[in-house]
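Visitor: Single-letter residue listing:
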Amino acid sequence: MAEFSVMEGDVDIVIGALQSDLTSFMNEWRPIFSRFHLIITKDPHLKEELKIPEGFNVKIYQKSDMDKVVGSSLTSRLFSGYACRYFGYLISQKKYIISVDDDCMPAKDDKGFLIDVVSQHITNLATPATPLYFNTLYDPFRKGTDFVRGYPFSMRNGVPCALSCGLWLNLADYDAPTQALKAEQRNSQYVDAVLTIPRGVMMPFSGINIGINRELLGPTLFPGLKLAGEGKFRWETVEDIWCGMCAKVVCDHLGYGVKSGLPYVWRNERGDAIASLKKDWEGMKLMEEAVPFFQSLTLSPAAVTAEDCLAEISTLVKEGLGAVNPVFAQAADAMTQWMQLWKKIGCGPSSA
Amino acid sequence: MATPATPLLKDELDIVIPTIRNLDFLEMWRPFFQSYHLIIVQDGDPSKTIKVPDGFDYELYNRNDINRILGPKASCISFKDSACRCFGYMVSKKKYIYTIDDDCFVAKDPSGKDINALEQHIKNLLTPSTPSFFNTLYDPYREGADFVRGYPFSLREGVPTAVSHGLWLNIPDYDAPTQLVKPLERNTRYVDAVLTIPKGTLFPMCGMNLAFNRDLIGPAMYFGLMGDGQPIGRYDDMWAGWCTKVICDHLGLGVKTGLPYIYHSKASNPFVNLKKEYKGIFWQEEIIPFFQAAVLPKDCTTVQHCYIELSKLVKDKLAKVDPYFDKLADAMVTWIEAWDELNPSGLTVANGNAK
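These protein sequence lines are chains A and B, in that order. So for the first sequence, the numbering used here puts the first residue at 4; every next one is plus one. So for the second sequence, the numbering used here puts the first residue at 4; every next one is plus one.
Please keep in mind that the hints were generated in silico from the structure rather than gathered at the bench. Some hints could be false.
Derived pair list, reagent style DSS-like, types lysine-lysine, alpha-carbon separation capped at 30 Å [claimed, not checked]:
{"hint": "1", "chain 1": "B", "residue 1": "LYS185", "chain 2": "B", "residue 2": "LYS76"}
{"hint": "2", "chain 1": "B", "residue 1": "LYS301", "chain 2": "B", "residue 2": "LYS279"}
{"hint": "3", "chain 1": "B", "residue 1": "LYS116", "chain 2": "B", "residue 2": "LYS83"}
{"hint": "4", "chain 1": "A", "residue 1": "LYS146", "chain 2": "B", "residue 2": "LYS323"}
{"hint": "5", "chain 1": "B", "residue 1": "LYS278", "chain 2": "B", "residue 2": "LYS301"}
{"hint": "6", "chain 1": "A", "residue 1": "LYS146", "chain 2": "B", "residue 2": "LYS185"}
{"hint": "7", "chain 1": "B", "residue 1": "LYS116", "chain 2": "A", "residue 2": "LYS185"}
{"hint": "8", "chain 1": "A", "residue 1": "LYS146", "chain 2": "B", "residue 2": "LYS301"}
{"hint": "9", "chain 1": "A", "residue 1": "LYS281", "chain 2": "A", "residue 2": "LYS235"}
{"hint": "10", "chain 1": "B", "residue 1": "LYS318", "chain 2": "B", "residue 2": "LYS279"}
{"hint": "11", "chain 1": "A", "residue 1": "LYS114", "chain 2": "B", "residue 2": "LYS185"}
{"hint": "12", "chain 1": "B", "residue 1": "LYS83", "chain 2": "B", "residue 2": "LYS279"}
{"hint": "13", "chain 1": "A", "residue 1": "LYS66", "chain 2": "A", "residue 2": "LYS185"}
{"hint": "14", "chain 1": "B", "residue 1": "LYS54", "chain 2": "B", "residue 2": "LYS98"}
{"hint": "15", "chain 1": "A", "residue 1": "LYS146", "chain 2": "B", "residue 2": "LYS278"}
{"hint": "16", "chain 1": "B", "residue 1": "LYS282", "chain 2": "A", "residue 2": "LYS146"}
{"hint": "17", "chain 1": "B", "residue 1": "LYS54", "chain 2": "B", "residue 2": "LYS185"}
{"hint": "18", "chain 1": "A", "residue 1": "LYS71", "chain 2": "A", "residue 2": "LYS54"}
{"hint": "19", "chain 1": "B", "residue 1": "LYS315", "chain 2": "B", "residue 2": "LYS301"}
{"hint": "20", "chain 1": "A", "residue 1": "LYS71", "chain 2": "A", "residue 2": "LYS111"}
{"hint": "21", "chain 1": "B", "residue 1": "LYS76", "chain 2": "A", "residue 2": "LYS114"}
{"hint": "22", "chain 1": "B", "residue 1": "LYS330", "chain 2": "B", "residue 2": "LYS116"}
{"hint": "23", "chain 1": "B", "residue 1": "LYS269", "chain 2": "A", "residue 2": "LYS146"}
{"hint": "24", "chain 1": "A", "residue 1": "LYS111", "chain 2": "B", "residue 2": "LYS116"}
{"hint": "25", "chain 1": "B", "residue 1": "LYS83", "chain 2": "B", "residue 2": "LYS97"}
{"hint": "26", "chain 1": "B", "residue 1": "LYS51", "chain 2": "A", "residue 2": "LYS146"}
{"hint": "27", "chain 1": "B", "residue 1": "LYS330", "chain 2": "B", "residue 2": "LYS83"}
{"hint": "28", "chain 1": "B", "residue 1": "LYS330", "chain 2": "B", "residue 2": "LYS282"}
{"hint": "29", "chain 1": "B", "residue 1": "LYS185", "chain 2": "B", "residue 2": "LYS278"}
{"hint": "30", "chain 1": "A", "residue 1": "LYS346", "chain 2": "A", "residue 2": "LYS71"}
{"hint": "31", "chain 1": "B", "residue 1": "LYS269", "chain 2": "A", "residue 2": "LYS114"}
{"hint": "32", "chain 1": "B", "residue 1": "LYS279", "chain 2": "B", "residue 2": "LYS269"}
{"hint": "33", "chain 1": "B", "residue 1": "LYS111", "chain 2": "A", "residue 2": "LYS111"}
{"hint": "34", "chain 1": "B", "residue 1": "LYS323", "chain 2": "B", "residue 2": "LYS83"}
{"hint": "35", "chain 1": "B", "residue 1": "LYS116", "chain 2": "A", "residue 2": "LYS114"}
{"hint": "36", "chain 1": "A", "residue 1": "LYS111", "chain 2": "A", "residue 2": "LYS235"}
{"hint": "37", "chain 1": "B", "residue 1": "LYS54", "chain 2": "B", "residue 2": "LYS83"}
{"hint": "38", "chain 1": "B", "residue 1": "LYS279", "chain 2": "B", "residue 2": "LYS51"}
{"hint": "39", "chain 1": "A", "residue 1": "LYS114", "chain 2": "A", "residue 2": "LYS185"}
My request is simple: use the sequences and hints to build the entire structure.
Guide: Given below as C-alpha cells:
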C-alpha cells in the first residue's frame, strides 16, 4: 500500500502503443491514470489509427510527430516497436515517468484491492534505496518495518532511488522457451516486498512495468539493442534488458538505487511463445555475452553525470562487445545518437 | 501435476538448540521435530538440569561437557551467550544443521496453516542458489516460478546452496536502539519469497531460524567470542554470517534468505541489549567494509583453509580497531583446530572453483 500523496504535476505516464485499439486498456487504467498527464507514443510501424477513449489528459505522438522532432531515419532506428516509448521519455518534462506495456491491466493485491501502480512506483522512487548492505526485512522504509540488527547506522540514510521495477501477475516476463515449455504456468505468487538491488549486482530489467526518476537518470534509459528479427512481443526483444544493465552500472557509479518488487500489474495473454521461439534465440545468445560484460564494467571517476556515464559505456561497448556481434556495435551507435538527441531536446528542466 | 514430496532427511539433519532456561517451546514443534535428532547446548550453570520433553531423541551438552571434550580449546566457545550453540555444529555428525532459538514458535501462513519451517529450509538447501545474476521473480526453483526473460541460460544451473536464512513474524530482529524507539512494532508482513543473496553482497545473518549444509560450510559457522568476559554480545550470528558469506562467495556456494517464517515471541530487554551491542554498533562500521573488501587467496579451496586465511586478515586489519579482534582471530584458529579434531574424516571440500 502506497503512503505518498502524488503531485500530478510531477508525473508523466508514458505508454508505447503497439496495438491501435487502446480503448479497453485505457478504460481499465482509468481509475488510476485519469488524473495524470499521459504521453502515448505510437509504434511508427503501426498503420491503423489509434483509438483512445475520452476523459484523459493525453498527448499522442505518431510517426509524423516523431519525424518532425528527430527526422524519419532516427524515428525508424530508435523508436520502432517497444522502443517507441523512449520518444516519450525524451520529450517529457516531468520529474517522474511511469510506463506500462499496453497489454497490462491493473492487478489486485492479496487483499483484493486494486493496485495503484503510480502511487507505489512514486513511493519507491521517493523513499531511499539501500544498495550498500542487504536488509533481510527488505525495504526498511516501508511502514511496519525497519533496518534489522547488524545494519550499519552510517548506511541507514540510503541513497536516492532512480528506478523502480515492478512485477507481473498472470503472464510473467519469461522468455519464449520457458513460456513454451510451461504453457500453463501463470504467476499467482503475490510477493509483498520491495527491495533494493545491491550495488554491483546486475539484474534482468523488464520494461513492462516501471517507474523512473527522470531528473536523476536523464538519458539513462534509451533505445539501443535492436534484434534483427525484433517483433511485436516482449519475447522477441531484449532492448529493455540491455538498457537496464547500462542503467544499473550508471546508478551504481553515481550512487543511486534501483528497487524491484511491488507494484504488480496483470499481464494479459498475447502472442504465441512457440512462434516467438525462432526470434528469441538471438536475444538469448546476446545475453550470454552482455551479462558478463556489464558485470565487469567500471566507469572512470571523471564520469559524474548520467550523460558522462552513458558516453563512457557506449565507447566501452564498442570496444568490448563490438567485435563479438555487430548488434552491439549498432547499439553503441544508437546510444550516441540518442545522447545527441537528448542534448538537443531532452534536456528540459529535469536534466541530471 | 503432483508435487514431489520434500525428503525428510531424518538421518541427515540435526537440530541444534542453545538454551539457558527450558525447552517448553519444543512441545509446539513436536509434529515437525519429533523425527529428528536434537543437539541441546546448555548455556550457563551446568549444575542446573534442563528437562527435555519426552519423546525426543537428543544429546545434551553443558559447560562441563564442552570443557571435557575440547580441553583448552573450549576457550573458543562462548559462555553466557547463545553463541555457544556452535559447539553443537562441531559435535554433530550430520550433513545438515537447523538451529532455532528457544523463544521461537510455529508461525501461521496467510491462509492460517501452520508453517513447517524445517521442510522449507530443506527445500531451500536441496535446490540451487543463483548468486551470479539477480532473478526478479526471486527463487526460480520454487514451484510456480522460473527464471525471467534475459536471464542467461549458462547461469540457470545455479550453485549448491550452503545456507538457508529464515525470517521472523511478530518480534522482528531489531537492534537495541531501534527496539527502544519502536517498542511496539511487530512484523506482520508475510513476504512469500525465497531469494538468493547475490555474490559480493553481505547481509546481517540472524541465528534464530537458520539452516545450513554442514558438509559444505560448517567450519565457517563459528559464532565468535561473546558473553561472559567479552566486550560484546549479540554479534555472534552477525560474525558467522560475514565470514560465511565471504567464504561462500569465494567457493561458489549460495546463501538464500526469506521463507520460512517462525513466530518470535520474546522481545529481549532493550537496555540489556544496548549494553551488549554497544561496542558492536561502532565496530560494525569498520567490520563491514573490512569484509566487503576481503579477498581470499585463489589457492584456498577448502572452508577450513579459507577460514584460517580470514583469521589472518582479521588479525592484520581489525586488531587496530580493538584488541578484542586479536583474541577473536586466535579463537577462529582454535575453532578450526577443534573442528578438525572432532571431525577427522576430511577437510570440508569445495564444490566450486575458488574465485
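Visitor: Please go over all the hints and tell whether each is borne out by the structure.
Guide: These are the hints, each one checked on the structure:
1. B:LYS185 with B:LYS76: violated, 41 Å
2. B:LYS301 with B:LYS279: Distance ~37 Å between LYS301 of chain B and LYS279 of chain B Cα, so the pair is violated.
3. B:LYS116 with B:LYS83: violated, 36 Å
4. A:LYS146 with B:LYS323: violated, 39 Å
5. B:LYS278 with B:LYS301: Judged against 30 Å, a Cα distance of about 40 Å means the pair is violated.
6. A:LYS146 with B:LYS185: holds, 12 Å
7. B:LYS116 with A:LYS185: holds, 28 Å
8. A:LYS146 with B:LYS301: violated, 44 Å
9. A:LYS281 with A:LYS235: Given pair LYS281 of chain A, LYS235 of chain A holds - Cα atoms ~13 Å apart, limit 30 Å.
10. B:LYS318 with B:LYS279: Between LYS318 of chain B and LYS279 of chain B the Cα gap is close to 23 Å, so the pair holds against 30 Å.
11. A:LYS114 with B:LYS185: holds, 26 Å
12. B:LYS83 with B:LYS279: holds, 12 Å
13. A:LYS66 with A:LYS185: violated, 37 Å
14. B:LYS54 with B:LYS98: Holds, at roughly 27 Å.
15. A:LYS146 with B:LYS278: With Cα atoms ~28 Å apart, LYS146 of chain A and LYS278 of chain B stay inside 30 Å; holds.
16. B:LYS282 with A:LYS146: Between LYS282 of chain B and LYS146 of chain A the Cα gap is close to 29 Å, so the pair holds against 30 Å.
17. B:LYS54 with B:LYS185: violated, 35 Å
18. A:LYS71 with A:LYS54: holds, 22 Å
19. B:LYS315 with B:LYS301: Answer holds: LYS315 of chain B to LYS301 of chain B is near 15 Å, not above 30 Å.
20. A:LYS71 with A:LYS111: violated, 40 Å
21. B:LYS76 with A:LYS114: violated, 55 Å
22. B:LYS330 with B:LYS116: Answer violated: LYS330 of chain B to LYS116 of chain B is near 47 Å, above 30 Å.
23. B:LYS269 with A:LYS146: With a Cα-Cα distance of about 22 Å, the restraint between LYS269 of chain B and LYS146 of chain A holds, given a limit of 30 Å.
24. A:LYS111 with B:LYS116: holds, 23 Å
25. B:LYS83 with B:LYS97: Holds, because 26 Å separates the two Cα atoms, which is no more than 30 Å.
26. B:LYS51 with A:LYS146: violated, 44 Å
27. B:LYS330 with B:LYS83: Measuring from Cα to Cα gives roughly 18 Å; hence the hint holds.
28. B:LYS330 with B:LYS282: Within the cut-off at roughly 16 Å; holds.
29. B:LYS185 with B:LYS278: holds, 18 Å
30. A:LYS346 with A:LYS71: Holds: LYS346 of chain A and LYS71 of chain A sit about 17 Å apart, inside 30 Å.
31. B:LYS269 with A:LYS114: holds, 29 Å
32. B:LYS279 with B:LYS269: holds, 17 Å
33. B:LYS111 with A:LYS111: holds, 23 Å
34. B:LYS323 with B:LYS83: holds, 27 Å
35. B:LYS116 with A:LYS114: holds, 17 Å
36. A:LYS111 with A:LYS235: holds, 27 Å
37. B:LYS54 with B:LYS83: Holds: LYS54 of chain B and LYS83 of chain B sit about 19 Å apart, inside 30 Å.
38. B:LYS279 with B:LYS51: The given pair, whose Cα atoms are some 24 Å apart, holds under the 30 Å limit.
39. A:LYS114 with A:LYS185: Holds. LYS114 of chain A to LYS185 of chain A sits at ~28 Å (cutoff 30 Å).
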